[in-house]
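Sequences listed follow chains G and A, in order.
Here my numbering is used: the first residue of the first sequence is 1, the next is one more, and so on.
Here my numbering is used: the first residue of the second sequence is 1001, the next is one more, and so on.
Because the hints were derived from the structure by calculation, they are not lab data.
Because the structure is a prediction, the values reported are computed rather than measured.
Glycine included, each C-beta is placed from N, C-alpha and C at the ideal position.
Treat the hints loosely; a few may be bogus.
[Said to hold, decoys possible] Simulated crosslink set (DSS-like; lysine-lysine; CA at most 30 angstroms straight-line):
#1 A/Lys1102 / G/Lys88
#2 A/Lys1437 / A/Lys1096
#3 G/Lys99 / G/Lys84
#4 G/Lys84 / A/Lys1363
#5 G/Lys99 / A/Lys1437
#6 A/Lys1051 / A/Lys1102
#7 A/Lys1051 / A/Lys1033
#8 A/Lys1096 / A/Lys1051
#9 A/Lys1369 / A/Lys1096
#10 A/Lys1159 / G/Lys88
#11 G/Lys99 / G/Lys88
#12 A/Lys1437 / G/Lys84
#13 A/Lys1033 / A/Lys1102
#14 A/Lys1369 / A/Lys1437
#15 A/Lys1159 / A/Lys1096
[Said to hold, decoys possible] Under 7 angstroms between C-beta atoms, here's a sample of chain A residues computed to sit facing chain G:
#16 Gly1028
#17 Gly1128
#18 Leu1139
#19 Tyr1148
#20 Glu1152
#21 Val1176
#22 Tyr1180
#23 Met1183
#24 Asp1187
#25 Pro1206
#26 Glu1207
#27 Leu1289
#28 Ile1293
#29 Leu1449
#30 Trp1450
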Amino acid sequence: MELIKLDFYTQGVLSIAALIGLTSFLMLGQGRLLRLIFVFALQGLLLVLATALAGYSMENSHLYISAAITLVLKVFLIPWMLQKQVYKLNLHRDVEALKNSTAVMLGGATLVVFSYYVLHPVIQNSSVVLVNALAVGLSLVLLGMLLMISRHHAIAHVVGFMSIENGLFFAAIVSTRGMPMVVELGIAFDVLVAAILFGIFFLHISSSIDSLDVDQMNRLNEVDQ
Amino acid sequence: MIAAYLLLLMPLVGVVFFALFGHRPRIGRINIKFNAFALLMSFWLALNVHKSGTLVSEGLYFLVDSFNVYLIVLTAFVGLTTSIFSAPYMRHEQQKGRLTEKRLRLYYSMYQGFMFAMYLVLTTNNMGILWVAMEAATLATVLLVSLYRTPESIEAAWKYFILCGVGIAQAMFGTVLLYYAAMQISDAENALNWTVLIENASQLNPEIMEISFVFMLVGYGTKIGLVPLHNWLPDAHSEGPTPMSAVLSGLLLNDALYAVVRNKMIVDGTTQTNIAGYLMMGFGLLSFLVAAIFLHRQQDIKRLFSYSSVEHMGLMTFAFGMGTPFSTFAALLHMTVHSLTKSAIFVTVGHAAQIAGTQQIDKIRGLIKTQPSVGWGLLIGTLAIAGFPPFGVFTSEFLVLLATMQSYPWLTPFLLLGIGLACAGLFRNIQPMVYGKRPEGQQAVEANLWPVIIHLVLVLWLGLSIPQSLSDWFNQTTILISGSAPL
């Protein structure tokens, strides 16, 4: 298979899929919160491009609407809210020392391979775009989880959480041209409410434990003191 | 179908209404009225389904069949009795200064928001909306878990938010795969409708459906509280206000299990094997045993009973997983009696914690002497949940055991072991709390124990004789889920 011989849409989506996967790895290796949020916004922008491209090539107007919603939510609103929190809590100079960054990166690569392996059964009856897109979507979900596991900072957790959402969205757009409109609106609403709730939580957490280091939240567990 | 629309509309009105007026002195009673209305609507809906069979709304948006209508009635009922309990409970909390007016408004508004999400989960016909509503239920309750703003409660709410959010994202991936599989056979708008999916189940791609189900089980399983994804559950239940623990345990867990069973029905139609069932049996049995062991090491009374919820949800998942008509019937019965008993227990636990001023098990003592109604309520509730005859939990657990002996006899010892462990774990903690020496100066509190009495009498009734109409209903549902009648 040669990339040049494929049609324009396929080429475009495959390139965007690759770039989106790359942004996830960038997030894993990024210790500064503001840059992490910037990379997250970049990932959102790539998502908008993919959606618009799909809408263009399938002449499907509802995809343009979801592209617009994504643009507003994931590229502007949520990164802006997170950024505001970072400044408000005076965290913009902090650099989180990344532990085991080699292991985390290797783990990330393994997760991508694993995603392809899990979705292997789909390959037999589908196009090249679909397999790659679904696999990238699933890797985004798993890499988002890895990001959450490897960090101690609540804001990094939220970025991980939202990039999981991005992965789901990408998989839905490319494999099925988006979910039905009602469902998509519902999901967008949930994401928006979740983002607002996270903002509230940052305030609560920082006022109760004086930092956003989630490792300090360890009062509730089953281990004997 | 009008009943279903009203059922959904009323809590939505409630969200706005209580957000504005939730701090007024007699607001608890208005909350009761909202929930009483919902219960009436659910009865009306049940009558309609009883008369004319499965209802599907225009445009295929809503579906009410014998399976979900029984859960709707159960949801509305527990919602009502919990609101009866919550009125004096919240007043007590406010008098002690644990809650401000703003938080009270939030509490009542989100109570209705949660009820709305639950009704939407149950009535929707669209698997995507089902997911949206399930997530909305998390969002509605997450701020209620941290209502007291203690460091513990904020930690619990954060854990609940993150774990359930990430967990349920897996279910979304499953839904995307399901949609992809369905797109091959149906038009895009209707491809996620359950009615369309179940009709064409045999034409779906079995491999994709299997992968999809794994994601669904992990995702919704997080909300059911299946081990090893259960960590949020004891925290969220123990740190939030007690009425919230009652509805989370009695309703949210059931509805998550409902979502899994709906998916299982489609996957069974596609694969024609019980692969989905085996997964559910494995997870269910593991949760059942692990939770039974963890019951022994709890120091907080609400954590104790939330582990008991994990245990019972595990048993139900196991029974639905076996998939025989007999076990499905038992699981449906167990869902009902567990909801009723567990919410009754949480009501008494809430009062017990108010009497003692703490949730620490070793500081709660002598309940029967201080306030006999609470003491006896807790004791009888625990007898019921531990599976003593003649209560309904005994009947349903016995049926699950029989079904296991029929289909997988070698698993029976594990079940017996779990039931024994759980019973011991509950009683070693409950016995001193109820009978122990009464600490000096311990005062009785204002309590409304009618919800407890009604629930426990119902559970007793279900244990002694299941009314004909209810067993017909369960029969119909069993036929719907597993394909044939149990008896």
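Cross-check of the supplied hints:
no.: 1; hint: A/Lys1102 / G/Lys88; in the structure: holds (24 angstroms)
no.: 2; hint: A/Lys1437 / A/Lys1096; in the structure: holds (26 angstroms)
no.: 3; hint: G/Lys99 / G/Lys84; in the structure: holds (27 angstroms)
no.: 4; hint: G/Lys84 / A/Lys1363; in the structure: violated (45 angstroms)
no.: 5; hint: G/Lys99 / A/Lys1437; in the structure: violated (52 angstroms)
no.: 6; hint: A/Lys1051 / A/Lys1102; in the structure: violated (45 angstroms)
no.: 7; hint: A/Lys1051 / A/Lys1033; in the structure: holds (27 angstroms)
no.: 8; hint: A/Lys1096 / A/Lys1051; in the structure: violated (50 angstroms)
no.: 9; hint: A/Lys1369 / A/Lys1096; in the structure: holds (23 angstroms)
no.: 10; hint: A/Lys1159 / G/Lys88; in the structure: holds (23 angstroms)
no.: 11; hint: G/Lys99 / G/Lys88; in the structure: holds (26 angstroms)
no.: 12; hint: A/Lys1437 / G/Lys84; in the structure: violated (55 angstroms)
no.: 13; hint: A/Lys1033 / A/Lys1102; in the structure: holds (21 angstroms)
no.: 14; hint: A/Lys1369 / A/Lys1437; in the structure: holds (8 angstroms)
no.: 15; hint: A/Lys1159 / A/Lys1096; in the structure: holds (27 angstroms)
no.: 16; hint: Gly1028; in the structure: violated (25 angstroms)
no.: 17; hint: Gly1128; in the structure: holds (3 angstroms)
no.: 18; hint: Leu1139; in the structure: holds (5 angstroms)
no.: 19; hint: Tyr1148; in the structure: violated (11 angstroms)
no.: 20; hint: Glu1152; in the structure: holds (5 angstroms)
no.: 21; hint: Val1176; in the structure: holds (5 angstroms)
no.: 22; hint: Tyr1180; in the structure: holds (5 angstroms)
no.: 23; hint: Met1183; in the structure: holds (5 angstroms)
no.: 24; hint: Asp1187; in the structure: violated (10 angstroms)
no.: 25; hint: Pro1206; in the structure: violated (9 angstroms)
no.: 26; hint: Glu1207; in the structure: holds (4 angstroms)
no.: 27; hint: Leu1289; in the structure: violated (16 angstroms)
no.: 28; hint: Ile1293; in the structure: violated (11 angstroms)
no.: 29; hint: Leu1449; in the structure: violated (30 angstroms)
no.: 30; hint: Trp1450; in the structure: violated (33 angstroms)
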